[in-house]
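Put the complex together from the two separate chains, hints included.
Just so you know, the sequences run in chain order A and B. When we follow the numbering used here, the leftmost residue of the first sequence carries the number 1, and every step to the right adds one. When we follow the numbering used here, the leftmost residue of the second sequence carries the number 1001, and every step to the right adds one.
Please keep in mind that the hints were generated in silico from the structure rather than gathered at the bench. Heads up, the beta-carbon is just placed ideally off N, CA and C, and yes, glycines get one too. Please note that the accuracy of each hint is not assured.
Under the rule of at most 20 angstroms between Cα atoms (straight-line distance), these lysine to aspartate or glutamate pairs were calculated in the DMTMM-like manner [stated by the list, open to error]:
id	chain 1	residue 1	chain 2	residue 2
1	B	1055	A	65
2	A	115	A	44
3	B	1267	B	1160
4	B	1003	A	63
Derived, one-sided and incomplete: chain A residues facing chain B with beta-carbon distance under 8 angstroms [said to hold, decoys possible]:
id	residue
5	63
6	64
7	65
8	83
9	86
10	102
11	106
12	108
13	158
14	161
15	163
16	164
17	174
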Amino acid sequence: MPKKDTPTAALTRYSCPYCLNTFDDYEAIKSHVLTGHTRESLPEPEGTIHVTINGQSHKLRVESDWSLHYLLHDKLGLTGTKLMCDRGACGSCTVIVNGRPILSCMTLAVECSGKQIETVEGIADSNHPLIEEYVKHHCMQCGYCTPGFVVTAKALLDRNLHPTEQEIREALGGNLCRCGTYPQHPKAILEAARLLREARSAEES
Amino acid sequence: MRKFTHINAQTIEDAVSALRRYGDRAGIIAGGTDILGRMKDEILPKYPEALVNLKTIAGLDFLREEAGVLRIGALTRLQDLGHEPLIREKYRALAQAASKTASPHIREMGTLGGNLCQDIRCWYYRNPNNRFPCLRKGGGRCYAIEGDNRYHSIMGGSVEGGCYAVHPSDTAPALVALNAGVITSKRLMNVEDLFQVGVAKTTALDADEIITEIQAPLPAAGSRSAFLKFAIRKSIDFPIVNCAAMLTISSGKVSSARICLNAIAVKPYRARKAEEAILNKRINDKIAEAAGRAALSDAKPMERNGYMVGIARTLVKRAILACAGTD
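Just chain B, same shape as in the assembly (with noise of 0.2 angstroms):
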């Protein structure tokens, strides 16, 4: 790695104030083990001139519930999350997803606030001394469009013509399906505001902006979650497609769900059409098995990438019927 300006944040304004006085030319690292592998391979144009510590800030480490609503601080380790019993059973596609993210050694070190900001993963982006200059760097095409795609969007560019890399998270469809908050040193959004593709980031945050909390309301009474990843290595690979799923069922039937895929496009995709297809309805194969057909209809794969399509449909049945206990 080169040198940098390493800045230990006391607290969140020390850390935004650092932000502010570098503007783009600054890092922001928590777990470390996304952007620390970003540095050494120098895959960006650029290179931060600083990094900004958010370990050092006291008091972002914490779980409770409060008043009907989960608080997890930005802080929290992966390893954590899985383990706590409240999660696990209240809020199953949480302490799933969480405890499926990378290895045990990752989690032990990944936050979930860095889980929820980590970069992509396209490997014509990630490849060292940034020798591919694609469009998530500023530079003039995406080359999966004409390249090997097989781990690439199936639901289009972020334009047409633009990136294909998907979104790597596995928290981030699962706090999404529990319909979660985060609140940033900013503002408080919907976790599903929070992903915008663009040049070198995943998120809408500003450059000064940091997250400090993740919000999740108590399910309602009946509701069950489920979270599902398929990668070739179990956990310790990132997802080629994962889904979570969150399900309220009154007297049999559904009466509201969520559904949302990652990794099959370029943001965490909501499965509308999958909601749609099994809400008032009693959950039954065919019904879950419909409902994973309807979420990939707008599926438009690229050449080598078909095969995550199948693999989709059926993430969606089982995790909705996981959601049902009938699994």
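So here's chain A without its partners, still in its complex pose (with noise of 0.2 angstroms):
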């Protein structure tokens, strides 16, 4: 421990492991923990988050510079959620944080704690009609962009299950297609919407 007199005694901080308060010397910090909290359990390593990934929750140790994407994907094998651009600008990585879908390339996964995340893998698991009218009205060619577009479909469907086909397109905008798939997609969203409805009435009824 560097005494108060040594020019590094300036520069050094302690900062407390369960608050961002810091502290110029060892007694203060040391008296600040003690009175202020002995009745906590120990603080969890940085990085640590709690995130409920398709109904089942986790608790992950995660890097600063992890994209919520290179979480799904890379490390936790939920290779649905593709990454194309990187960017925020094609939304083949959408995921449903929340109920909001977002972009999984542009949120750090370490921001993700407490958090509730769908992925495709979670809807399909679900048996969620969409994925079957994706398939009838065969709404991909090559397929990568498909998963971002469910996840959005499913994120809409979730908040209005009357959608008209201008909201459907304006709910779609952000997601990106290069085989030119676009006219597929009300038609698939549409009727899964009816099917929903259905469902919901016969469970009322």
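Structure (structure tokens):
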């Protein structure tokens, strides 16, 4: 521990592992921790996040520079989420975080603690009618952008079970498809919305 | 991306103290759609040592009307702004601007505060790996003056021979037209005073200052506002030109007007000459067109961006007509 009068003392700051406070000397931080934090359990290591992915909760250690896409695709093996532009311009990497369709390439994994994340795998596992309708209406050619479209469409249907064709087109505005399958998507989504409404009214009656 | 220290700020004071500790070596992240692109491409000579995350600060994502003032938390997502009935009804220009920014996904991530503080999109500045060490990075010259300047300023540089990169925000002109104010961790200022050209920054904010709230006064009775944007691919592109206007019309005549263009100058450009041209007049096609011409009377386009003058004139005209309800 450097003494107070050494030149490095001014640069040395002790930061509390529990909170963001910093202290100039060891005694100050010691008394801070003893008075303020003795009842708390040990803080978790830096970069620990708690996330729920497709309904399953995880406790993970992540690096600060990992994108959410990197975590899902490269580390957890959920390879349905695709990476194309890596700059937030194409929509291929869309996942649903707390109900919002967002771009996992432009989201830091370390900022996802406490969030509910849903990927295309989760949507497929839940037998969502979108998957079947996408196949029926042949909404893909090469298929690389398709998971992004499906996830965006799922987020739309979660919010709005009666979307108009215009609303669907607007919601899909951030998803690019080089094969040009655009006209097929509204057809599939309208059909999936109808099936979901039917299923819901059958449940209610 | 390279490694950096990531700090989740719990309060505004947390964020400010972390920023103070790191000085200009820290970046601020809210939605992240701008700064992460900058870091991935390593466009700046300096890479941030730390990112201070503002999303973990509670109570900065709100939207309410109080005592005749619209109060919007800086972390409010653009998507929520565009869909909020209160804003669509009374502050139409802001709702239109928010829902025409970028793509739906980016609007779900991007915040209003971040949209105001976003960096420029000049393709020399944004070129990966700091290929063009331009004036905005503390370098020697502006490459757009002699280079391809089709998306650069038609209102001159930041100074003579200075930076010609335009401000790309869609919400900024709308907030200027609505006469909004910005509350930061330090002070209160008019949104017009927020923008300032600097090295690797677009605002007058200090390194340890963050925007916490945006306030807009309730428009006077008889007011209407509108926002228009010209871009190649509808909303998903950054604007080539955009324009917001708010007109108050009493007994058929314009009693007050605020018109702001953006993406044509280094800062949002208040078209005062257009405002003067329509004051105390009845709006018709001719008057609106004359206002459009007046707005651009000071334009000095560069070699390749003369086309923006005509677009800007037309947007001013259409914005005025939209406010007058004669479009």
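To see whether the hints hold, each was checked on the structure:
1. Proposed proximity of residue 1055 of chain B and residue 65 of chain A is supported: the alpha carbons are some 17 angstroms apart, at most 20 angstroms.
2. At most 20 angstroms may separate the alpha-carbon atoms for a hinted pair to count; residue 115 of chain A and residue 44 of chain A meet this at roughly 17 angstroms.
3. For the proposed pair residue 1267 of chain B and residue 1160 of chain B, the alpha carbon gap of about 15 angstroms is at most 20 angstroms, so the pair holds.
4. Taking the CA atoms of residue 1003 of chain B and residue 63 of chain A, the gap is near 8 angstroms; set against the 20 angstroms cutoff, the hint holds.
5. Interface hint status for residue 63 of chain A: upheld, as the beta-carbon distance to the closest one in chain B is roughly 7 angstroms, under 8 angstroms.
6. About 4 angstroms separates the beta-carbon of residue 64 of chain A from the nearest beta-carbon of chain B, less than 8 angstroms, and the hint is met.
7. Proximity of residue 65 of chain A to chain B holds as hinted, the smallest CB-CB distance being about 4 angstroms (cut-off 8 angstroms).
8. About 12 angstroms separates the beta-carbon of residue 83 of chain A from the nearest beta-carbon of chain B, more than 8 angstroms, and the hint is not met.
9. With 8 angstroms as the threshold, the beta carbon of residue 86 of chain A comes within range of chain B, its nearest partner Cβ sitting at about 7 angstroms, so the hint holds.
10. Interface restraint check for residue 102 of chain A: the shortest CB-CB distance to chain B comes to about 5 angstroms, inside 8 angstroms, so the restraint holds.
11. Nearest Cβ of chain B to the Cβ of residue 106 of chain A: about 5 angstroms, under the 8 angstroms cut. The hint holds.
12. The beta carbon of residue 108 of chain A comes within 7 angstroms of a beta carbon in chain B, closer than 8 angstroms, and the hint placing it at the interface holds.
13. For residue 158 of chain A, the interface hint is violated, since its Cβ never comes within 8 angstroms of a Cβ in chain B; the closest pair sits about 13 angstroms apart.
14. Checking residue 161 of chain A against chain B by beta carbon gives a least distance of about 17 angstroms; that is not within 8 angstroms, so the hint is violated.
15. A distance limit of 8 angstroms between C-beta atoms decides the matter here; for residue 163 of chain A the minimum to chain B is near 13 angstroms, and the interface restraint is violated.
16. Checking residue 164 of chain A against chain B by beta carbon gives a least distance of about 15 angstroms; that is not within 8 angstroms, so the hint is violated.
17. Satisfaction of the interface hint for residue 174 of chain A is found here, the shortest Cβ-Cβ separation to chain B being roughly 3 angstroms, below the 8 angstroms cut-off.
Going through the hint list in order, the structure does not satisfy hints 8, 13, 14, 15, 16.
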